[in-house]
Amino acid sequence: MLTFTIRQFFYSLLIIWGVMTVTFVIIRVLPGDPARLMLGQRADAQSIAALRKQLKLDEPIFPTQYFDFLGKAATGDLGRSFAFNRPVIESILERFPKSLVLAVPSLLIATLIGVAIGVYSAWRPYTFFDGASRVTAILGISVPVFVLGAVLILVFSNWLSVLPASGYITKDGGTNLKYLLLPMLALAARPLSIIARITRSSMLDVLSQDYIRTARAKGLPVGATVIKHALRNALNPVVTTVSAWLASTIAGTFFIEKVFAWPGIGMLGFDAVLQLDYPVIQGVVLFTAVVFVVVNFLVDILYSLLDPKVRLS
Amino acid sequence: MQPNQTEPSAAMQAIPDIQVHSLWWYSWRRLKRNKLAMLGLVIMILLFLCAGFAWLIAPMNPNRQILEYARKPSGFAGNILVVKALGGTYPDEYIPIESYAAGPEFISFVRVGGSKDSVSRSHLISADEAEWHQTPTFVLGTDRFGRDVLSRLLYGARVSLSVALFAEIIAIFIGVLLGALAGYFRGTVDAVIMWFTNVIWSFPFILLVLVFSLTLKEFIDVFDSIIPLSDWIGRGAWQTFLAIGLTSWVDTCRIVRGQFFSLRETEYVEATRAVGFGATRTIFKHILPNALGPIIVVATAGFASAIIAEASLSFVGHGIELPTATWGQMIYDGLGFLQAGQLPGLTLYPSIAIALAVFAINVFGDGLRDALDSKMKV
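Going down the list, the protein sequences come from chains C and R. FYI, the numbering for the first sequence is 1 to 313, going by the working numbering. FYI, the numbering for the second sequence is 1 to 378, going by the working numbering.
Since the hints were derived computationally from the structure, they do not count as laboratory data. One thing to keep in mind: the hints can contain errors.
Cross-link-like lysine-lysine pairs, in silico, BS3-like; alpha carbons within 27 Å at most [what the hints assert, rightly or not]: (1) C:LYS218 to C:LYS228; (2) C:LYS72 to C:LYS53; (3) C:LYS53 to R:LYS217; (4) C:LYS228 to C:LYS309; (5) C:LYS56 to R:LYS285; (6) R:LYS116 to R:LYS72.
FRET-style restraints, in silico, Cβ to Cβ [stated by the list, open to error]: (7) R:PRO323 to C:LEU181: 51 to 61 Å; (8) C:GLY76 to R:SER225: 19 to 29 Å; (9) R:SER225 to C:VAL25: 46 to 56 Å; (10) C:PRO308 to R:ALA279: 56 to 66 Å; (11) R:GLU265 to C:PRO308: 43 to 53 Å; (12) R:GLN342 to C:ARG86: 12 to 22 Å; (13) C:LEU177 to R:SER225: 38 to 48 Å; (14) R:ALA271 to C:THR21: 36 to 46 Å; (15) R:ALA271 to C:LYS309: 53 to 63 Å; (16) R:GLU270 to C:LEU181: 30 to 40 Å; (17) R:PHE76 to C:PHE84: 51 to 61 Å; (18) R:THR280 to C:ASP44: 52 to 62 Å; (19) R:LEU39 to C:ASP68: 55 to 65 Å; (20) C:GLN54 to R:LYS84: 35 to 45 Å.
Here chain R is said to cover these stretches of chain C; the calculated rule only asks that three of the stretch's residues, wherever they fall, bring their Cβ under 8 Å from a Cβ of chain R [claimed, not checked]: (21) 100 to 114; (22) 132 to 139; (23) 150 to 161; (24) 231 to 237.
Yeah, the Cβ is synthetic: ideal placement off N, Cα and C, and Gly gets one too.
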């Protein structure tokens with residue numbers, strides 16, 4: 001177990017190093033002057049020269065610039081935002097918890113409902129419910145999140161006027177969970193659809209196996225067979241999917257936050273893209289990628305505690 | 001001579017009547033029975049036709065602004081005089097009117113808004129009344145510049161489909177190449193490729209595409225001097241499809257690697273080694289054709305997500321540049337009105353277009369997977 005943890009830990013570090021290097025290559029190494037890119041076309045020569053000096057752009061790309069970048073990124077120094085004129089890492093750490101408030105309940109709901117739908121579909125395959133849920137699931141992965149967000153606003157906010165279109169849960173002073181509902185729904189739709197699909201196909205596989213027939217033959221009630229015997233064995237691919245989605249939901253609430261004006265890290269990145277605030281874009285890209293790697297590492301460890309097979313693979 | 005050869009039994013005689021078909025033939029027959037997949041295929045073909053013949057079926061020029069007709073609802077009927085232009089982009093000029101009276105030399109008319117004016121017959125675009133007086137119907141209404149939404153949707157299909165197609169071709173190329181190398185050679189090659197795949201996979205996809213596209217923006221002119229895609233699709237086509245293609249090969253790579261892992265252990269691949277074939281020949285002529293089914297399935301899914309990625313990029317304003325119509329840009333334009341509770345159609349129609357396109361491709365891909373009977377999970 002310890003060997004596995006250590007191995008995974010170092011592999012994660014290796015991935016994070018790769019993430020930093022790719023970011024560095026895209027922004028610094030590809031031709032084009034990063035200082036001019038960062039400051040925009042109309043920047044004056046003086047500020048460009050100042051930024052060039054600050055970023056050490058006059059020094060050789062490798063090794064000086066590269067190691068300077070790695071060292072700063074590793075210590076959390078992601079530069080200063082042009083738009084806010086404050087360290088990027090401060091903005092990120094301030095916004096990140098708000099993204100969690102949105103992402104965690106979303107995925108929880110997606111998992112619970114997704115597994116329930118998947119199990120019922122597999123238990124009664126090729127019925128109306130199964131067909132309808134499969135088509136809905138394909139629709140769920142077909143609609144871009146910002147489209148779904150727009151439609152939700154249209155229906156619940158414009159036509160029915162039951163839920164607010166945008167804002168954070170503390171918008172009106174106290175905590176108002178009403179603001180959470182629409183963005184949560186929009187964010188949950190895609191993972192929910194995928195979880196339902198995976199659960200269904202995995203359950204169908206398991207339900208056709210001999211031991212299930214044996215369980216039924218010896219007189220176990222249907223519910224017990226499906227839940228206790230089949231679901232437990234069908235859950236493996238589901239857990240893998242959920243863990244992958246946990247990481248990318250936390251990292252990728254990009255459009256949802258913008259559409260619903262939810263002030264998390266996604267909206268920070270989105271606005272930075274609109275304003276071409278390069279240090280923030282770079283910071284958000286790096287930070288979300290690192291969060292993704294860290295969450296995956298933790299899930300791997302947890303997973304290996306539950307299922308010894310993982311450790312040996 | 002053996003008796004059997006001169007007088008074959010009834011069972012032996014039946015054998016030549018059995019037609020032997022290829023694996024693809026049986027897959028196609030299975031696919032044809034899947035109604036949902038066929039529906040997807042039909043929608044896809046229709047969308048491609050719309051995209052290809054947008055110039056023929058679109059009722060109006062998608063970029064033509066009639067500011068007087070801005071923000072009109074679906075089904076709005078216009079009333080315009082067409083006169084010769086004195087300059088500018090178009091050979092003719094539209095004057096939106098409320099009514100007109102044709103005299104022998106002059107046409108007097110009331111402009112939208114109430115002011116009276118007149119124009120000489122020699123200024124009209126032609127002598128034929130059907131040509132100089134038109135009442136176009138804006139089936140899906142107009143946007144905030146008075147452009148025809150239906151025409152923009154049809155031209156938008158061209159952008160979405162072509163960019164997604166180019167992007168997916170690049171992604172398939174990279175994914176197949178890396179996946180094949182990793183799966184065939186294993187060991188260090190596999191470790192390095194999988195490390196790189198995991199690195200790319202760790203980035204939030206849409207942000208990576210964005211950063212890539214911002215960097216590539218510097219080189220549009222260089223690319224355009226080789227192949228002028230900007231003239232064909234819209235400015236920014238190069239950077240958009242390169243950015244999407246260069247970042248979305250991860251799924252293909254994983255699938256191909258998995259396929260190669262199992263296929264390289266089969267007897268026929270062992271036979272190619274025994275005969276002395278080189279790695280290149282074995283990989284591309286012997287293993288790859290047998291991994292084609294899963295690759296096609298993952299390619300359809302990739303095509304669908306490339307459409308979403310293109311729409312997302314233009315939604316953020318960094319895709320194909322204005323004034324080219326794209327679905328993502330149309331949704332972003334409409335969103336402002338939607339949040340203010342106005343003109344839901346501006347958001348709704350392009351949303352439906354994207355959802356329909358991606359849905360069609362996904363159900364077709366699903367059907368394809370079932371038909372090819374590859375043992376893939378979702």
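### Message
Tell me if the straight-line CA distance from LYS72 (chain C) to LYS53 (chain C) falls inside 27 Å.
### Response
15 Å, holds
#### Entry: Given hint LYS217 (chain R) paired with LYS53 (chain C) - CA-CA distance at most 27 Å
25 Å, holds
### Message
19 to 29 Å was suggested as the range; check whether the CB atoms of GLY76 (chain C) and SER225 (chain R) agree with it.
### Response
43 Å, violated
#### Entry: Cβ separation of LEU177 (chain C) and SER225 (chain R), checked against the hinted range 38 to 48 Å
56 Å, violated
### Message
Please check whether GLU265 (chain R) and PRO308 (chain C) have a Cβ separation lying inside 43 to 53 Å.
### Response
26 Å, violated
### Query
When you check the alpha-carbon spacing of LYS116 (chain R) and LYS72 (chain R), does it fall within 27 Å?
23 Å, holds
### Query
How about the segment 132 to 139 of chain C: do at least three of its residues have a C-beta closer than 8 Å to a C-beta of chain R?
holds (count 3)
### Task
For ALA271 (chain R) and LYS309 (chain C), compare the CB-CB distance with the range 53 to 63 Å and indicate the outcome.
Given about 33 Å between the Cβ atoms, the range is violated.
### Task
Check whether three or more residues of the segment 231 to 237 of chain C sit with their beta carbon closer than 8 Å to a beta carbon of chain R.
Three-residue rule not met by the segment 231 to 237 of chain C, so violated; n is 1.
#### Entry: 27 Å Cα cutoff - pair LYS56 (chain C), LYS285 (chain R)
50 Å, violated
### Given coverage of the segment 100 to 114 of chain C by chain R, checked by CB-CB distance under 8 Å (3 or more)
violated (count 0)
### Task
Compare the distance between the alpha carbons of LYS218 (chain C) and LYS228 (chain C) with 27 Å, and conclude whether the hinted pair is satisfied.
15 Å, holds
The structure fails hints 5, 7, 8, 9, 10, 11, 12, 13, 15, 16, 17, 20, 21 and 24 (numbered hints given earlier, in ascending order).
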